[in-house]
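S.K.: Read off the chains here:
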Amino acid sequence: MNGAFLSQLLIDGTTTGLVIALVALGYTMVYGIVELINFAHGDIVMLGAMLFLTLIGLLGLDHAGQSWLARHPWVALAVLVPACATFGAAVAWTVDRVAYRPLRHLPKLTVLVTALGCSFVISNLGLLWGGLPLAVFGGGRAPSSPKSVPDLLPTLNLLGADSVVFLGTKEALVLGLCLPLMAALTWFVRCTRLGIAMRACAQNPVAARLMGVNVDALISLTFVIGGALAGVAAVAYATYHGTVQFQLGYNLGVMAFTAAVLGGIGNLPGAVLGGLVIGLVQAATTLWLGSDWTNVVVFLVLILTLVFRPNGLLGTQMREKV
Amino acid sequence: MSAASLNVREVSVVFGGLTAVDRVSFDVRAGSIVAMIGPNGAGKTTLFNAITGVHAPSAGSVHLDGQPMAAVWDRLAWSNLSVTAAAAGAGAAVVAGFLPAWTAATAHAGFAAVSQAFIHSPAVPWAALAGLGLGAAAGVFAWRQSRLTPDRVARAGVSRTFQNLRLFRDLSVFDNVRLGAHRHLGARSLAAALRLPAHRRDEHLARQRAHAALRLVGLDHVAHRAAGHLSYGHQRRLEIARALALGPRLLLLDEPAAGMNPAEAEALIPLIRTIRDHGITVLLIEHHMRLVMGVAERVIVLASGSVLADGTPAEVRADPRVIEAYLGRDEQAAPGAQAASNPTAASRTGADHG
Amino acid sequence: MTRFLRRWSWFLVFALAALVPLIDLVLPARLRITGMLVPVVTYALVALGLNIVVGFTGLLHLGSAAFMAVGAYAFAILTAPCFPIQCGFWPGLALATLAGALAGWALALPTMRLRGDYLTIVTLGCGEIVRELLKNLEPLTKGTQGINPLPPPALPWVTFTAAQPIPFYLLFLALLAGAVVVCRNLRHSATGRAWTAVREDELAAKSVGVRTDAAKRSAFTWGAGLCALGGALAASYSTGVEPSIYDFQMSVIILCIVVIGGMGSIAGVLIGAVVMMGFNQVGVPLLTGLMGGGAEAHPLLDANNWKFLIFGLALILAMRLRPEGLLPAREVRAELHHDPDESDQEAVRAGDLR
Chain A
1 MNGAFLSQLL IDGTTTGLVI ALVALGYTMV YGIVELINFA HGDIVMLGAM LFLTLIGLLG
61 LDHAGQSWLA RHPWVALAVL VPACATFGAA VAWTVDRVAY RPLRHLPKLT VLVTALGCSF
121 VISNLGLLWG GLPLAVFGGG RAPSSPKSVP DLLPTLNLLG ADSVVFLGTK EALVLGLCLP
181 LMAALTWFVR CTRLGIAMRA CAQNPVAARL MGVNVDALIS LTFVIGGALA GVAAVAYATY
241 HGTVQFQLGY NLGVMAFTAA VLGGIGNLPG AVLGGLVIGL VQAATTLWLG SDWTNVVVFL
301 VLILTLVFRP NGLLGTQMRE KV
Chain B
323 MSAASLNVRE VSVVFGGLTA VDRVSFDVRA GSIVAMIGPN GAGKTTLFNA ITGVHAPSAG
383 SVHLDGQPMA AVWDRLAWSN LSVTAAAAGA GAAVVAGFLP AWTAATAHAG FAAVSQAFIH
443 SPAVPWAALA GLGLGAAAGV FAWRQSRLTP DRVARAGVSR TFQNLRLFRD LSVFDNVRLG
503 AHRHLGARSL AAALRLPAHR RDEHLARQRA HAALRLVGLD HVAHRAAGHL SYGHQRRLEI
563 ARALALGPRL LLLDEPAAGM NPAEAEALIP LIRTIRDHGI TVLLIEHHMR LVMGVAERVI
623 VLASGSVLAD GTPAEVRADP RVIEAYLGRD EQAAPGAQAA SNPTAASRTG ADHG
Chain C
677 MTRFLRRWSW FLVFALAALV PLIDLVLPAR LRITGMLVPV VTYALVALGL NIVVGFTGLL
737 HLGSAAFMAV GAYAFAILTA PCFPIQCGFW PGLALATLAG ALAGWALALP TMRLRGDYLT
797 IVTLGCGEIV RELLKNLEPL TKGTQGINPL PPPALPWVTF TAAQPIPFYL LFLALLAGAV
857 VVCRNLRHSA TGRAWTAVRE DELAAKSVGV RTDAAKRSAF TWGAGLCALG GALAASYSTG
917 VEPSIYDFQM SVIILCIVVI GGMGSIAGVL IGAVVMMGFN QVGVPLLTGL MGGGAEAHPL
977 LDANNWKFLI FGLALILAMR LRPEGLLPAR EVRAELHHDP DESDQEAVRA GDLR
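Read top to bottom, the protein sequences are chains A, B and C.
Numbering-wise, this note's numbering puts 228 at position 228 of the first sequence, and it's gapless, one number per residue.
Just add 322 to the spot in the second sequence (first one is 1) and you have this note's numbering.
Just add 676 to the spot in the third sequence (first one is 1) and you have this note's numbering.
Please note that a few of the clues may not be correct.
Stated by the list, open to error - Derived DEER-like restraints, expressed as beta-carbon distance ranges:
1) W686/C <-> R104/A: 34 to 42 Å
2) W448/B <-> V689/C: 53 to 61 Å
3) T915/C <-> A142/A: 24 to 32 Å
4) V98/A <-> S347/B: 56 to 64 Å
5) S347/B <-> R309/A: 30 to 38 Å
6) H974/C <-> V98/A: 22 to 30 Å
7) A184/A <-> H974/C: 54 to 62 Å
Derived from the structure by calculation, the hints contain no laboratory data.
Ideal Cβ placement from N, Cα and C applies to all residues, glycine included.
Construct the complete structure from the given sequences, taking the supplied hints into account.
M.R.: Structure (structure tokens):
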């Protein structure tokens, strides 16, 4: 094992990890404020990726050089990323408004089962979406099969053509999307009035309401932010991994939720840390044991971590009031 | 079972930077009734929580009948630890050697070949070693985390009630109390599933204990109502019954009269005496001064996390520091938040006596 | 009197269920229903197992398919002709159930201290681990190809063939009746009360001496055992196992049987199984016919591609309109329909606004 090998592992792991972390942030924010595992969140990412692929098809970006936009992929991305983010935010807001909000006062399990229902509905919508007769979907004859996403960006090594370590434009795109977003989110939650209100609401909704905070609006805002992050994650995922399938929501969602739990659920830096750990574990497992074993190893890491730190890596012990 | 003495030695409880209980020591003689009073936030309930293992004390030790409670748990933990480590090691070895052995077996090789394949699998010793280490580490960790748990304290014969009632509201009164008898039952689920005689004996015992406890607190006439539907005073009594069904040697009552009207509170005096006469040491936190002065043989005053005074009711009542601690709080105390357990009300009753 | 009546009502239900195949004698072959009822019975068994963990003990478990898989694969490995053991149906079934119970116990061992959603994600992860292991441990599980054929049940004077589901149905129904008896016995025992106590208030349970870790472990063990039994029976009926069956959707479907039927209620779980599997077995093919779908039609006209949309919407609506399920247990209904004013008063009286 040499340095180049290890750096490649780090790059691959960090890139997958950051996409997972972006999704995990959505889970952890929603959990922090309404204590709900929003199972539909992963599927919102999937819908975002479907929209991304559809827009690529509609704008003709799958035929290189055919249109002005296709010749300027960075401009195209600058349009597509906000579009997917808005879409994700809209879906997340709708899900909360329609399905979760009427159940706020009911026990957690009721809302959780509703979330599972939403997840099924959305992933099924993704399946049907994949059946639309579009060229990018292979004509829609096989809705459940994976659809490949055309490369928008040129394949080139940013570290130089003769470098052993590969850092391509896709990796750069993922880094360029995820890191600023995470920084912005941290700033928002730490420094803005809304962010502080959100944290207060997560700690004690009753007290926050008594202080004049509009808790329902804040919860909606949390879903909207989470959804927007999911939309961006969808673009990052689809570009980086190159395929989209209706089951993507479950697979990515489970990894992201695992990341959130690993880092300590409700804790934003924890979600990012958890995502990175999982990305690196995945990359290392794929290299040494083969991709068949990634899920086994990831979940073993999760269980072992929780045995020793029952509240996750950065989570704090919750003290029950007696 | 006879009453137990309690010795609290230099116990501190620290939350983050806040010292809620600061090196508190006191003794409760076996078979006595001792009351603990003090302004809100003095650390009384925290001390109860430290004694019953809800929060591990940051320092100090608690002795039941002269025996440090922690020692019992340590012995138990060591056996658990070795079992965990051995099981993990053996398990890992079996897992590692399994596939080669199985492959040999599916090839219809003889028993000798199968065992050879298992033994010569290179992964087996490594897996065994790793499993042993991991199991030991997990055992140590689990032991460090779990030695002070409320269920172990309860099973050692210390039961308690809660300041904010913690009944199983949706269960019947009878089932609540039957749960209190749990530590005397085998709880062998296989026997229960198949309705074996061991299960019948358990049920009979639980029933008897529950009825006895309900009779003692005078709730046998409501045994089949849901606990949450009882009046507040009855719910407090039910918590006492549940704690009694456990067959404790030491009973900790956390504000048993909170929320009761004066008549209900006075009625607790004979009940607590009866409990003591059944061979149970009683330590209670209470703000209701008429109750405290009527029932306690000794009073411990806690203020700001440490013991301010400790003596007979008469001594404590005359102690100027106690009066100051209460009256000093009086000016700052926000009225209304806790009508029944309000320090102003408490100190006023205290002043009446003094 | 009511208790007596209730016992007999169960007997009546199962007697009627046993008579259902009589309908088939008069119906044309196309419309026979017994074949569809066999999965209802096996899923009901699995859901009864999950109900012990989720309904009785209140631990959210999202990996029940894993224990089904353990049962099915243990049964397959022990009985399939392509493997050396071939111990026959009944020993295979018993050992598969034991293997499931052991797996449940082993999962519970390191995870019982985890709170709420941490436990949920671990059970989910456990489901994923089992599924991947089934795919990856080729020599043992034959990977994605799966193991078949598996032997049918063996009883004197009865032959079990795939063409004739009635014997399967009656035998499985008898086993289901046994499982119902076991569940009822467990629930009305010290073990069952300990489970309820854990669900209602874990700290209160601990402080009355209930060993909550042990209670959760026994819930996981019994639950996993029943799941494994159901999985093994399903495998025997379908004469083969493959890893892709036991995915997350399976776990969720089983959870939904429990939740839609009524958590903690045995009768509710059975009704939930009828409703859910009825939709899957009867509703979906019917819908495909109505939509004009078929092998040559566009995939969007196949109701299988709409199944989870309908199912998800049904779940959302069910939670909105009847969150306690179709036939809820008494305590669960009480929990969902507390008068909000009453609980507010409680909180204020207890001096705690939260």
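S.K.: Each of the hints needs a verdict: does it hold here or not?
M.R.: Each hint, compared with the structure:
1. W686/C <-> R104/A: 34 to 42 Å: holds, 38 Å
2. W448/B <-> V689/C: 53 to 61 Å: holds, 55 Å
3. T915/C <-> A142/A: 24 to 32 Å: holds, 29 Å
4. V98/A <-> S347/B: 56 to 64 Å: Given a distance of about 60 Å, which is inside 56 to 64 Å, the answer is holds.
5. S347/B <-> R309/A: 30 to 38 Å: holds, 34 Å
6. H974/C <-> V98/A: 22 to 30 Å: Since H974/C and V98/A have Cβ atoms about 29 Å apart, the given range 22 to 30 Å holds.
7. A184/A <-> H974/C: 54 to 62 Å: violated, 44 Å
Violated hints amount to a single one, hint 7; each of the other numbered hints is respected by the structure.
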